[in-house]
Amino acid sequence: MNTFEATRLVAAREIRVKLRDRTFLISTLFFLLIAAAATILPPMLSGGPSTVAVTEAAAGPLRAAGLEVLAVPDDTAAEQAVRDGDADAAVVAGPAVLAMNDAPGDVVSALSSEPPVRLLNPDAVDPVVAFLVPFAFAFIFFITSQTFGVQIAQSIIEEKQTRIVEILVAAVPVRALLAGKMLAGTILALGQIGLVALVAVAGMAFGDSGGLLSLLGPAIGWFLPFFLLGFVLIASMWAAAGALVNRLEDIGGVSMPVQLAVMLPFFAVIFLNDNATAMRVLSYLPFSSPTAMPLRLFTGDAAGWEPLLSLVLLLVAAAGFLIAGARVYEGSLLRTNGRTSISTAWRERETLG
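With UniProt numbering as the guide, the letters of the sequence shown map in order to residues 1 to 353.
Simulated from the structure, these hints should not be mistaken for laboratory data.
Label pairs and their in silico Cβ distance ranges:
#, residue 1, residue 2, range
1, Asn337, Phe139, 35 to 43 angstroms
2, Leu19, Ala303, 39 to 47 angstroms
3, Asp21, Gly221, 26 to 34 angstroms
The beta-carbon is built from N, C-alpha and C at its ideal position, and this holds for glycine as well.
Given the sequences, and given the hints that come with them, work out the whole structure.
In structure tokens, the structure reads:
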């Protein structure tokens, strides 16, 4: 069995095990429900236009504003329609607007004369969207890299703890074992994100958010390769951390650098997304570029060549961490006499497979 076949075999096994894991399936369903609720429910709960009882002579401005008009013969009938619940509001002589409990803002706006508005920056992003988009990018990368990275580390530790790893390395090369776990984690992570993105896009299309979709399109397109390389970088660190210990209870002692490498960029992008200088720096740092650069593309702050340069830097960093993580993995995988230091694993790498 060559290395490629062994890698494919290990990856297929890891994927089958994970697809049978109830926790994984429930978490995926949970993310899908959140994506659907966040994009579909707001337009559904906002309700349709108000029904307004009014005489036919005064119905023109209300129809022009898209409101549903209930034609009545006089003001008395209009008021009675509101009291009976046949209309949300009524417009009577004065003019005056009648309603039962709350002032109908859409009716008032339709009858008001608003001054013309000229935007000096018409391409500016809505403040709410400007906050939610960076949070969404950072949250997706943070949760996914943490969840699947921890699962890779736990799988390695369980194999060491049960000593099954000694049987595995006798059948497949060590590097194929690591490559298969990394490949399976990457496929599962991308698959989960793809499903969530599909549901979110469908929800935004249902809510008539075509303008937002056109803005998010380039950022989402770039987010995929950035996420892929960023995940490989983080997963390499988790794999090395898992190989250094022999018990699941000890993972916390070696995973702190990995946790910080994920958490610090997450909070930096969230809190500094309106700082152009900080975001420019973050978009070139390997641990933060998977979220910072797509965000700059969304806001239009990045030149066309910048994501290419950032992606190359991330590729180099991911390759370096993958090589280093593989070396630590090989040097500590068969050590079952307690926690192994990084220097020992690096210096005394086993020549296995």
